[in-house]
Amino acid sequence: MSKYFFCLRTLLVVAVFILVLMNGGVAFSQETSGNDSNSGNELGQPDDRESKSERKSKRFETKKAQVLENIGKKRAILDTFESCVKSANSREGMKLCRTSNKSSMETLRNQRKEMKAKRKEMKGERRKPVN
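The opening residue of the sequence shown carries number 2 in my numbering; numbering runs sequentially from there.
These are calculated hints, taken from the structure and not from any lab test.
This one's a predicted model, so the numbers in the text were calculated from it and none came from an experiment.
One or more of the hints may lead you astray.
[What the hints assert, rightly or not] The calculated lysine-lysine pairs, modelled on DSS-like cross-linking and capped at a C-alpha distance of 27 Å, are:
1. 129 / 53
2. 53 / 65
3. 75 / 103
4. 103 / 53
5. 129 / 59
6. 59 / 119
7. 103 / 59
8. 124 / 53
9. 64 / 53
10. 129 / 119
[What the hints assert, rightly or not] Simulated DEER-style distance windows between Cβ atoms:
11. 86 / 54: 43 to 53 Å
12. 126 / 80: 36 to 46 Å
13. 95 / 127: 42 to 52 Å
14. 95 / 52: 24 to 34 Å
15. 83 / 59: 30 to 40 Å
16. 68 / 95: 48 to 58 Å
Note that CB positions come from ideal geometry on N, CA and C, so glycine has one too.
Go ahead and model the full structure; you've got the sequences and the hints to work with.
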């Protein structure tokens with residue numbers, strides 16, 4: 002039994018490590034403050050040199066990349082869960098798999114909630130009239 006517990010514990014550590022690595026890449030990509038060459042003036046307005054269709058295509062590509070990244074995260078969590086379930090030999094092992102999967106999915110959901118709240122906040126700031 003201890004051999005299987007060690008295997009499950011190792012899988013859990015690997016899954017957490019993968020999540021930390023994946024989230025680290027996301028954090029670096031979100032740290033921009035709008036001071037790059039593609040940003041507009043202080044108000045965060047887009048540069049007039051770009052056409053509207055170019056801005057739309059860039060937004061589309063960004064959104065597409067985010068969606069694919071989220072799908073990859075879910076797939077990694079589900080792959081870890083599947084391998085854990087396949088290696089489980091008892092009810093306790095299955096329970097450990099379910100709890101680790103649940104915590105991983107909750108982490109992913111919380112990250113999405115935070116990103117959604119940030120987008121909502123930014124949307125509200127854009128709609129405020131500037132006096």
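Against the structure, the hints come out as follows:
no.: 1; hint: 129 / 53; result: 22 Å, holds
no.: 2; hint: 53 / 65; result: 18 Å, holds
no.: 3; hint: 75 / 103; result: 12 Å, holds
no.: 4; hint: 103 / 53; result: 42 Å, violated
no.: 5; hint: 129 / 59; result: 25 Å, holds
no.: 6; hint: 59 / 119; result: 20 Å, holds
no.: 7; hint: 103 / 59; result: 34 Å, violated
no.: 8; hint: 124 / 53; result: 19 Å, holds
no.: 9; hint: 64 / 53; result: 16 Å, holds
no.: 10; hint: 129 / 119; result: 16 Å, holds
no.: 11; hint: 86 / 54: 43 to 53 Å; result: 47 Å, holds
no.: 12; hint: 126 / 80: 36 to 46 Å; result: 39 Å, holds
no.: 13; hint: 95 / 127: 42 to 52 Å; result: 48 Å, holds
no.: 14; hint: 95 / 52: 24 to 34 Å; result: 55 Å, violated
no.: 15; hint: 83 / 59: 30 to 40 Å; result: 36 Å, holds
no.: 16; hint: 68 / 95: 48 to 58 Å; result: 31 Å, violated
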